[in-house]
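Asks: Here is what each chain is made of, one letter per residue.
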Amino acid sequence: MAFGEHAEEFDGKKVVDYEVGMTLEPETTNYRLRLEYDSEESFSELLTDFLTAENVDRVTGVLTGAYSEEMYEESMAPIVEAVIAAAPRLPSLTGLFIGDIIYEENEVSWIQQTDVSPVWTAFPKLRTFQVRGGEGLSLGDIAHDQLKTLIVQTGGMPREILQQLANAQLPELEHLELYLGDSGYGWTGTIADVEALLQANRFPKLKTLGLKNSEIADDVAGVVSVSPIVAQLETLDLSLGTLGDAGAEKLLACENVKTLKKLDLSHHYMSNEMMKQVSELPCEVNVEEQETEEEWGRYVSIGE
Amino acid sequence: MQFVVIGNPENRRVTLFTDAVTRRGLPTPIVASYHDLLTERISLGDVVPSGSVIRLDSPGENADVERLLIQRGSRQTDRIESEWQPGRILHQRRWFHGFRSLMESFDGVCSDSAWMSSPRDIPILFEKPTCLNRLATAGVPVPRSLGIVSSFEELQALIERTDERRLFLKQPWGSSASGVLAFQTNKRQTIVTTSTEMVSTPDGVELYNSLRVRRYTTFPEIRQLIDTLGHDGLHVECWLPKAGLAGKTFDLRIVTIAGEPRQMVMRTSSGPLTNLHLGNQRGDLALLRSRMSEATWETMLETCRQTAAVFPKTFCLGLDVLIRPNFRSCAIIEANAFGDLLPRVWDRGEDTYTAQVTAWQRATLRRPSRN
Chain W
1 MAFGEHAEEF
11 DGKKVVDYEV
21 GMTLEPETTN
31 YRLRLEYDSE
41 ESFSELLTDF
51 LTAENVDRVT
61 GVLTGAYSEE
71 MYEESMAPIV
81 EAVIAAAPRL
91 PSLTGLFIGD
101 IIYEENEVSW
111 IQQTDVSPVW
121 TAFPKLRTFQ
131 VRGGEGLSLG
141 DIAHDQLKTL
151 IVQTGGMPRE
161 ILQQLANAQL
171 PELEHLELYL
181 GDSGYGWTGT
191 IADVEALLQA
201 NRFPKLKTLG
211 LKNSEIADDV
221 AGVVSVSPIV
231 AQLETLDLSL
241 GTLGDAGAEK
251 LLACENVKTL
261 KKLDLSHHYM
271 SNEMMKQVSE
281 LPCEVNVEEQ
291 ETEEEWGRYV
301 SIGE
Chain Y
1 MQFVVIGNPE
11 NRRVTLFTDA
21 VTRRGLPTPI
31 VASYHDLLTE
41 RISLGDVVPS
51 GSVIRLDSPG
61 ENADVERLLI
71 QRGSRQTDRI
81 ESEWQPGRIL
91 HQRRWFHGFR
101 SLMESFDGVC
111 SDSAWMSSPR
121 DIPILFEKPT
131 CLNRLATAGV
141 PVPRSLGIVS
151 SFEELQALIE
161 RTDERRLFLK
171 QPWGSSASGV
181 LAFQTNKRQT
191 IVTTSTEMVS
201 TPDGVELYNS
211 LRVRRYTTFP
221 EIRQLIDTLG
231 HDGLHVECWL
241 PKAGLAGKTF
251 DLRIVTIAGE
261 PRQMVMRTSS
271 GPLTNLHLGN
281 QRGDLALLRS
291 RMSEATWETM
301 LETCRQTAAV
311 FPKTFCLGLD
321 VLIRPNFRSC
331 AIIEANAFGD
341 LLPRVWDRGE
351 DTYTAQVTAW
361 QRATLRRPSR
371 N
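Chains as they are written, first to last, in the numbering used here: chain W, 1 to 304; chain Y, 1 to 371.
Just so you know, the hints here were simulated from the structure itself, not pulled from any lab data. Backbone N, C-alpha and C fix where the C-beta goes; we use that ideal spot for every residue, glycine too. Mixed in with the good hints, there may be bad ones.
Stated by the list, open to error - Not everything, but these chain Y residues come out facing chain W in the computed CB check (under 10 Å):
1) Gln189
2) Ser210
3) Leu211
4) Cys238
5) Phe250
6) Met292
7) Ser329
8) Phe338
9) Pro343
Unchecked claim - Residues of chain Y placed beyond 10 Å of chain W at every Cβ, according to the derived structure:
10) Ser74
11) Leu240
12) Leu341
Stated by the list, open to error - EDC-like cross-link-like pairs, simulated, lysine to aspartate or glutamate; straight-line CA separation at most 20 Å:
13) Lys187/Y with Glu69/W
14) Lys187/Y with Glu70/W
15) Lys187/Y with Glu73/W
16) Lys187/Y with Glu273/W
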């Protein structure tokens, strides 16, 4: 899974890269703090300037991005610490994205994440929290009584994240989106970890569940389809993974799937016949991006 | 106005240009084929009528011509006959020497005709390090060049010395992503993304241009790949991050004609290689324009003009333009001599070929002394 673009919108507002000296417009805009390649300034200079800008106390959304030219080696810990330390200057914060870093800047599996759990207490108004990069990531003891949206994007998710989520206290959570990924890029979980998370169901208000980008998508579909959690969902998203006919069969056999409003299975390995069957489910079904085992030719250089 | 095209007659480039000329009511262009020129079945002086306009087009996509160019640049013809096959990456250096020698043979020939592109400029455009250096000297923003390596060991030393860990490695004379490696390393892992396919044979590894983009992640594979490609040298550039839009990263192919940026295509990709023949898609230019400020857009066009001005004797260039992730600045990553094959892309109602014909006619009207 390659993350190709920076967020253009986050937590309900458009996103702009903050530049030193910029006038803040917190009513319409959320701000991303990132260093452009070859940038002269440091992340801490950028952050300091941002935190002392007029109206920063009214900013509702902050995203952190590229923070160093050696970020594939340097941990994000100082960045997270600095953002946590800035909490008193960001009293209106409802949206936080740690690691809005695209493939062209750093491989997702090389993002050196850290323990982000201080976020839970530092930002009591948080509604949306997103984090990218699984290496070194910890969500700690998750407890927040406002959070509605949680998105964890990894090339491969450490199983500890699923275990932490299975113990989470997130009574208001409506949207949970997890990129499970690939064992070659850090996925250390098993289907039992996914099953345990679903069974724990710590999210009474959950409406959207995404278990995406999984190399065991058929198994994931299997445990989801027998989990009572589906009954409360409006959207189920098993996209970007390796879902094939076996997993789709399980979904078709699940009564609760029929009450969904939306089922996203895009990027999959289902047969044409199976695509037709799932498309007939009484909800909006996305079966775009059928992947196939292709024969690949060679080319003679075009000579430009 | 009689046009003469030097090209591969079966190639759609030649047909598209010929169609553009005849649609303008001009005489059908004479085609001088690379094959016939290289085998000396014809000589340029004999086929070009006095006062013609000569267009040089790509010798690519023709296995025979590629082989003939390699032979021309080589002294070991026998070995080439046995080893060479279409799609194989081999003898790039010899290919370039053959191509340059052919271009040099045109120099001073047909002096009473006009060359749309100078046979002197074209080899420079094909030699990536030289081209990049010229652009950098002229103040055009380009990726930083770190020189040429010939082995994995040399590359490792270069990385240690420069501390640059995200690099593009390119064959100095390659085109269309042939032998291009997007290389990134941290202390624990290395990933190479490329369209180059390695095939092991009893005689060693053979490299091919594959339509499938691969990722090499193991040390022995990467070492073998770089050692093999490095035989003819690999030019090392810093990997400038590209912006992303609608979930994909992208760059732009912008064709300059008579120094002006004209037709453009956005090439979007889920990986670092954006070439459209590698399964990538054209992107939504209107969306991009809405994402960039008017001032940044104008700066980008000005950068294209600045680039074209470095090669004033080359009427048409295909520039690969990178937009930085902040959408506020750009860089030129390649300047292609034959980068005008953009079917179904129009600017002011003209495709790239029609635009060249009409722009040439206009330029000739302004300079009546020119043939």
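Asks: Quickly compare the C-alpha distance for Lys187/Y and Glu69/W to 20 Å and report which way the hint goes.
Replies: 14 Å, holds
Asks: Straight-line Cα separation of Lys187/Y and Glu273/W no greater than 20 Å?
Replies: 46 Å, violated
Asks: Over 10 Å from every CB of chain W: does Ser74/Y meet that, or does the non-interface label fail?
Replies: Holds: least Cβ distance 17 Å, greater than 10 Å.
Asks: Using the nearest Cβ pair, does Phe338/Y come within less than 10 Å of chain W?
Replies: 5 Å, holds
Asks: Grab the minimum C-beta distance from Leu211/Y to chain W and call the hint holds if it beats 10 Å, violated otherwise.
Replies: Leu211/Y check passes; min Cβ-Cβ to chain W is 5 Å, inside 10 Å.
Asks: Holds or violated: the hint that Pro343/Y contacts chain W, with Cβ atoms closer than 10 Å.
Replies: Check failed: Cβ of Pro343/Y comes no nearer than 13 Å to chain W, outside 10 Å.
Asks: Would you settle whether the hint for Cys238/Y is holds or violated, based on the nearest Cβ-Cβ distance to chain W being less than 10 Å?
Replies: 8 Å, holds
Asks: Tell me if Phe250/Y is really an interface residue toward chain W, meaning its C-beta lies closer than 10 Å to one of theirs.
Replies: Since chain W brings a Cβ to about 9 Å from Phe250/Y, closer than 10 Å, the hint holds.
Asks: Would you check whether the claim that Leu341/Y is not at the interface survives, using Cβ distances to chain W and the 10 Å cut-off?
Replies: With a cut-off of 10 Å, Leu341/Y comes too close to chain W, as the shortest Cβ separation is near 8 Å.
Asks: The hint names Ser210/Y as touching chain W; please verify it with the least Cβ-Cβ distance against 10 Å.
Replies: Holds - the Cβ of Ser210/Y comes within 10 Å of chain W, reaching about 6 Å at its closest.
Asks: Would you say Leu240/Y is clear of chain W, with no C-beta pair closer than or equal to 10 Å?
Replies: Per Cβ check, Leu240/Y is inside 10 Å of chain W; nearest 6 Å; violated.
Asks: For the hint on Met292/Y, does the least C-beta distance to chain W fall short of 10 Å?
Replies: Check failed: Cβ of Met292/Y comes no nearer than 13 Å to chain W, outside 10 Å.
Hint compliance for this structure: hints 6, 9, 11, 12 and 16 are not met, and every other hint is.
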